[in-house]
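Participant: Line order of the protein sequences matches chains A and B.
Going by our numbering, the first sequence wraps up at 170, each residue one higher than the last.
Going by our numbering, the second sequence wraps up at 480, each residue one higher than the last.
Do not rely on the hints blindly, as some may be mistaken.
Said to hold, decoys possible - A partial selection of chain B residues facing chain A, derived with a Cβ cut-off under 7 Å: (1) S62; (2) P65; (3) L66; (4) L231.
These are calculated hints, taken from the structure and not from any lab test.
In this text, all values refer to a predicted model and were calculated from it rather than measured experimentally.
Beta carbons: idealized from backbone N, C-alpha and C, even for Gly.
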Amino acid sequence: MSDDPTSSGTLWQAQPAIDRAIGWVAIGGGALALGMALLVTVSVFGRWLFSMPIEGDFEFVKMGTALAVFCYLPYTQVQRGNIMVDSLTTGLPQRGRALLDALWDLVYAGVALLMAHGLSTGAMEALKSRETTMQLQLLVWPAIAICAVLALLLFFSALVSAARLVRRPA
Amino acid sequence: MTSLQIAILGFSMLGLMVLRKPIGLSMLVVGGIGYSMLNGVGPFLAYMKTNTYHQFANYTLSVIPLFILMGALAERAGIARALFKAAERGFGQTRGGLAMAVIGACMAFGAICGSSVATTATFGRAALPELRRYRYDGGFATGTIAVGGTLGILIPPSVILVVYAITTEQNIAKLFQAALIPGLLAAFFYCIVIAIVVRRNPDLAPAAPAQEELPPASKPGWMRGLAILLLAGTTALWFADRIELTLLVLGGLLALVMAFADLAILPALAIALIVVGGIYGGVFTPTEGAAVGTIAMLAAGLIQRSLSLADIREALRQTAVTSGMIFIILLGAEVFGAFLALSRLPTVAAEWVGGLGYSPYLVVIAMLAFYILLGAVMDELAMILLTLPVFFPVVQGLDFGMFPDDVAIWFGILVLIVVGIGLTAPPIGLNVFVIHQIAKDVPLFATYRGVLPFLLADVIRLALVVAFPGLALWLVRVLS
Chain A
1 MSDDPTSSGT LWQAQPAIDR AIGWVAIGGG ALALGMALLV TVSVFGRWLF
51 SMPIEGDFEF VKMGTALAVF CYLPYTQVQR GNIMVDSLTT GLPQRGRALL
101 DALWDLVYAG VALLMAHGLS TGAMEALKSR ETTMQLQLLV WPAIAICAVL
151 ALLLFFSALV SAARLVRRPA
Chain B
1 MTSLQIAILG FSMLGLMVLR KPIGLSMLVV GGIGYSMLNG VGPFLAYMKT
51 NTYHQFANYT LSVIPLFILM GALAERAGIA RALFKAAERG FGQTRGGLAM
101 AVIGACMAFG AICGSSVATT ATFGRAALPE LRRYRYDGGF ATGTIAVGGT
151 LGILIPPSVI LVVYAITTEQ NIAKLFQAAL IPGLLAAFFY CIVIAIVVRR
201 NPDLAPAAPA QEELPPASKP GWMRGLAILL LAGTTALWFA DRIELTLLVL
251 GGLLALVMAF ADLAILPALA IALIVVGGIY GGVFTPTEGA AVGTIAMLAA
301 GLIQRSLSLA DIREALRQTA VTSGMIFIIL LGAEVFGAFL ALSRLPTVAA
351 EWVGGLGYSP YLVVIAMLAF YILLGAVMDE LAMILLTLPV FFPVVQGLDF
401 GMFPDDVAIW FGILVLIVVG IGLTAPPIGL NVFVIHQIAK DVPLFATYRG
451 VLPFLLADVI RLALVVAFPG LALWLVRVLS
């Protein structure tokens with residue numbers, strides 16, 4: 001950390017890198033959804049033409065959905081895609097609205113941290129109990145662990161967007 | 001404090017939403033605090049441990065990102081333009097025909113897109129320039145597109161219906177079936193509104209394009225022959241008991257499209273028929289339908305060279321933002337719903353309303369009126385997720401002389417119609433804002449004035465479906 005008050009904090013300096021990471025993670029989540037669609041399509045055609053569906057495709061879909069959604073959440077946050085009621089605050093000055101948004105971003109960061117904490121303990125327990133899916137016996141803990149990491153990314157993305165609002169009000 | 005008092009306190013804490021607190025976050029925080037107050041912090045932390053994962057690792061929920069991805073790809077694949085050109089040929093000569101063409105094309109697009117915002121944005125780009133070129137009144141044009149956009153959700157597939165189905169544990173396929181006739185009715189009513197409005201004020205739609213100005217159809221001569229062959233083939237197979245009735249209907253519809261529509265819209269209509277028809281006929285689950293539709297849309301776009309790599313990347317990004325927005329609200333609604341269930345407020349409310357002795361229809365009408373008011377200031381998706389945990393048990397507790405499942409489906413369609421109204425009605429109609437972003441030169445007020453006559457038609461349609469539940473339930477019965 002430098003003494004220069006305009007560049008205090010490594011988080012602020014890491015901002016472009018976090019932004020890029022969030023963007024790529026979102027695209028990755030989208031690609032995962034596309035992959036899921038392909039898998040299911042192949043399974044449907046296999047079932048229809050040769051009575052040979054891909055066994056347990058729904059287990060991949062379940063896991064894939066959770067992973068994809070956690071990939072999306074940080075991107076939605078930095079794109080300010082989360083819906084809120086803004087019709088009753090139009091009278092506030094720009095700065096006031098930015099500070100309100102920053103406050104809720106901090107609350108969201110707290111919730112994300114709680115989620116990351118919960119998911120990491122959940123992953124540990126699933127690792128210990130060697131919990132698997134019903135049909136394919138896929139281990140569940142890696143998926144939960146990845147979600148925990150992505151929840152941590154959500155925490156950082158909420159912090160970054162809060163910092164941005166405080167620094168240069170939109 | 002009793003659990004009911006805590007629940008009421010929770011609802012008032014949701015009031016922080018007026019201070020720009022994101023809706024999903026509000027429900028998460030209030031739900032979390034309420035849960036901890038009723039059951040203790042320890043159980044809540046245990047609940048959070050894997051619930052966020054298991055909540056999302058849900059086969060039914062996977063239809064949401066898939067349908068959004070399918071719509072995002074369709075938005076970029078030039079499907080809307082082709083549909084509009086085809087509809088323009090059909091309606092172009094009548095007065096106000098271009099506006100009717102917007103409604104017709106939106107209806108077809110609604111069968112491959114489950115989001116009204118995406119439909120509005122797509123047609124704002126694909127059709128608005130054409131309407132302006134023929135000197136259509138600005139507010140009439142934008143109003144028509146904003147209203148046409150609601151067909152994105154009114155015609156199945158529909159993200160709103162999926163969310164309703166998941167929250168109330170109803171069958172998505174049945175809700176999609178029930179939505180079809182009211183959805184087609186909406187498009188029909190909108191065309192009537194256009195005809196009346198234009199007759200009363202011809203200045204709104206001054207010029208009809210001359211025949212030679214209309215884009216030519218791209219349809220080779222052998223297409224009709226192929227259509228007849230397809231129809232004959234499927235009928236023969238059905239008589240021989242080799243295929244089911246649904247496949248015959250699908251084949252017949254496809255033949256109809258091939259005979260009368262042009263080649264450019266064939267991929268769009270084929271995808272719509274496969275996805276919606278396949279889900280209706282029980283050929284596949286909604287998730288499978290969405291997956292097949294997504295891949296078919298991607299393939300059609302790549303083959304027609306209308307989807308570039310940049311388009312696909314943009315579609316993935318858009319899917320991320322929209323799905324992320326929906327899922328955080330879904331998570332919030334789940335936690336909030338768990339808290340409400342603990343507080344027993346929904347059960348108490350259901351018993352209380354049931355004990356008042358009002359006519360069940362009056363209760364439903366009051367709820368719909370409340371939705372229209374709330375929808376004026378709040379996002380519609382969040383509105384239904386917030387209220388359904390209380391409203392749905394109340395509705396299920398009332399006696400309409402119908403099976404509870406039928407009531408659930410019927411109420412879902414009513415909610416869908418009200419959501420459509422909320423998307424276009426002042427002061428906050430999301431579709432109106434979307435079209436305003438695209439056509440900044442048309443004042444918001446003018447668009448709202450353009451929307452107004454359509455809203456009247458919406459209210460009439462709502463009243464019809466309230467009075468005649470069969471409009472929604474008939475097709476469900478026929479198909480089951």
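Participant: A separate judgement is required for each hint: does it hold in the structure or not?
Facilitator: Against the structure, the hints come out as follows:
| no. | hint | result |
| --- | --- | --- |
| 1 | S62 | holds, 4 Å |
| 2 | P65 | holds, 5 Å |
| 3 | L66 | holds, 6 Å |
| 4 | L231 | violated, 22 Å |
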